[in-house]
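Just need the whole structure built from these sequences, with the hints factored in.
2 protein chains.
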Amino acid sequence: MAKEGNRLDPWVNTYASRAKVMTASEIRSLFAVASRPEVVSLAGGMPFVSALNHDIIGETFSRVIKENGNVALQYGSGQGEVGLRELITELVTLTKVQTHPDDVVITAGSQMAIDLVVRVFCNPHDVVFVESPSYVGALGVFRAYECDVVHVAGDEFGLNPVALAEAITQAVKLGKAPKIIYTIPTFQNPSGLTQDDKRRKQILEIAKKHNILIVEDDPYSLLAFDGTIPRAIRADDAENVVYLGSFSKTIAPGMRVGWAVAPHGIREKLVLASESAMLCPSNLVQLAIGDYLKNQPWLEQVKVFRELYLERRDALLDSMKLHFPVGTTWTVPLGGFYSWITLPEGFDATAMLPRAVNALVAYVPGTGFYADNQGTRNLRLSFCYPEPERIQEGVRRLGDVIRQEIELRDTFGVTGELATQSGDMSAPDVV
Amino acid sequence: MAKEGNRLDPWVNTYASRAKVMTASEIRSLFAVASRPEVVSLAGGMPFVSALNHDIIGETFSRVIKENGNVALQYGSGQGEVGLRELITELVTLTKVQTHPDDVVITAGSQMAIDLVVRVFCNPHDVVFVESPSYVGALGVFRAYECDVVHVAGDEFGLNPVALAEAITQAVKLGKAPKIIYTIPTFQNPSGLTQDDKRRKQILEIAKKHNILIVEDDPYSLLAFDGTIPRAIRADDAENVVYLGSFSKTIAPGMRVGWAVAPHGIREKLVLASESAMLCPSNLVQLAIGDYLKNQPWLEQVKVFRELYLERRDALLDSMKLHFPVGTTWTVPLGGFYSWITLPEGFDATAMLPRAVNALVAYVPGTGFYADNQGTRNLRLSFCYPEPERIQEGVRRLGDVIRQEIELRDTFGVTGELATQSGDMSAPDVV
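Residue numbers (our numbering), protein chains in the order written: chain A, 610 to 1040; chain B, 610 to 1040.
Keep in mind that the hints are not guaranteed to be accurate.
Calculated cross-link-like contacts (lysine-lysine; reagent style DSBU-like; alpha-carbon spacing at most 35 Å) [said to hold, decoys possible]:
#, chain 1, residue 1, chain 2, residue 2
1, B, Lys930, A, Lys629
2, B, Lys785, A, Lys785
3, A, Lys912, A, Lys629
4, B, Lys675, A, Lys903
Quick caveat, the hints were computed from the structure, so don't treat them as lab data.
Given below as structure tokens:
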């Protein structure tokens, strides 16, 4: 086996086949520009961590190390610290999930839980069914494991069950192995949509009928603006659902702690896969989160986040109404971080991005949320991080950019060369 | 695709082919027993974190969060925090490695770095060359990616270059793709052996000649008992070596922070793979380690560890001389955590383990450090965690067990049924 690469990378022909798809999207360089303070970034899904009480979190860490340093600083269990697993079983009852600490696996953020489930279930070309659009970070995992991703059409309640059943039948007809239905039923990233209870039951029935695992990714449900937390799919079935959660949106992403609630056999595989991937999650951070959950009014803090994000959502919706031209539509999220925008016919949101960044506003183009180049006319706007006045200013700038594109289109027929989107947009700055 | 599993795990026939090898070793249940306080465990490679100043570490975390909470608690860079990457470029000069922060990737412990390198390089059945014996956690990764592992014979300086060259030629002859030489040149886990400079150069030449990547895993080198830190292989070649390091042995494993120094093209792939696996490492922990490295006399702390581990190594060596029967041999490590024991002919260290645990002493059987059932007569003793008196007591107990086995052997011919070792022994409690 010769190393026959080029001067830029002598190893280029030596990599595993899965590494061939590991390429950075060209738009990532734009996000680097977008992080400059003069740019209003509606791109990244960064929680507003300034709203946390930093002193209390700092004291929590310092106390945990002083009182329990020999455990906090040591290697821990591959499955995660049992005290935190117990607290997670209490926490998930907020979405009506009943489970046991034995069936909880703690991971370095729920991104890692997605990675581990796919590692355990998917051979190359196994089929994963996802929403249209779907979470960019999950698509990155499916890509890395060379899965075939099928985007199932949706409606105002998200994933359409009729289209899902048809897609499964189609995949089976083609001789493929359908393995996973990956869904974010509540305040979806990037669409902002939520499945109603009926829809959840229909999807579960289809999964059970076809023996396909549901991976229910649920990082946002505690951020329901009216305080009504939807019932998880996992609440109605413990055998066919792996349920993923995270502290990234309720406490802080800098902790890197998420979890999977899994049926017994799958849980066992996930622990072995996690030990192989990183031995164990950080005892220190797990103990600190456990201490914080036990001793701080953390649900009050979540309420603060909820109210803050609601105010920002309203700032986004109101200013879109004011500044976006006729023909532009958007979703109205009832919680979470995102609204999904559809531009008028003929638009290319990827081609428009450099002009938007030039006008000092950034977003994530819709194609990043598809594995198959759909989403050209779409973009995702995040309202979680900028203050309301900044959101209004950003939307005003973006409205100007869209109107200029319309003028261009009316003069020249198209708004610019249709950009072919290639490479992985999954990155911490676009989650 | 039907879910045709059994009642224990209905998903058993649905997993990816790589998951079929994800099975827990039966000896893992013994380690659970071995963690009881009355058992002297010479099994796990847990650093003696009690020797750290917990107050100072606690204050470091609390200060970082108070002063820089908006960064510490937020998502960070997939490659890792640039300030810490700069500090790592300084740190690695202790092993004569010259690099740039751009070529450092920070991971959740160096276990994850092994996982990412293999993810980027290895298709199923690609060949990885390793020492005889090799690190159980790395073998777990190679297993998870379905690599073919070839154990290369060694001598008192570790990996034998003649045997390495022969093994490569043999693999090529068989039409296989040799991808990685995985080595721990300094104070190897589990053998305790160290390659001298000549040996390192020979191995590097062979790797270059055959265009095979060296993965140089170097977690222990700062723990050189006489303070003479060996020169890394990476110090002599920046193009053919990925160099892995960790804070787990110099600060604390509870941090879960390691790193890879990699050639440019490989580094780019590693970052994309890491973002897919976990988005980013914890900003909080990275900033705290950076603060600790900058503001604390951390090399003094490493010296404390070194002296402490030297005293424990001596306790181990002296008591083995006193208590182990003739015909038992062991390595004399010049740093790190481990000595590798060879029992008299006919012994089975796996079969002996339950009797040892019954006698209140634990070790890791040698077969765990081989992918091919070698190591039956071997076991690894770790001297890092128990106090010297406990080490002496543990070795005394183990000597008794070995002598009883000899009596059994002399009476009945064998020491018990030869245990077939199957399943993955890689776990936080045996690293």
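Do the hints match the structure? See the list:
| no. | hint | result |
| --- | --- | --- |
| 1 | B:Lys930 - A:Lys629 | violated, 54 Å |
| 2 | B:Lys785 - A:Lys785 | holds, 28 Å |
| 3 | A:Lys912 - A:Lys629 | violated, 44 Å |
| 4 | B:Lys675 - A:Lys903 | holds, 21 Å |
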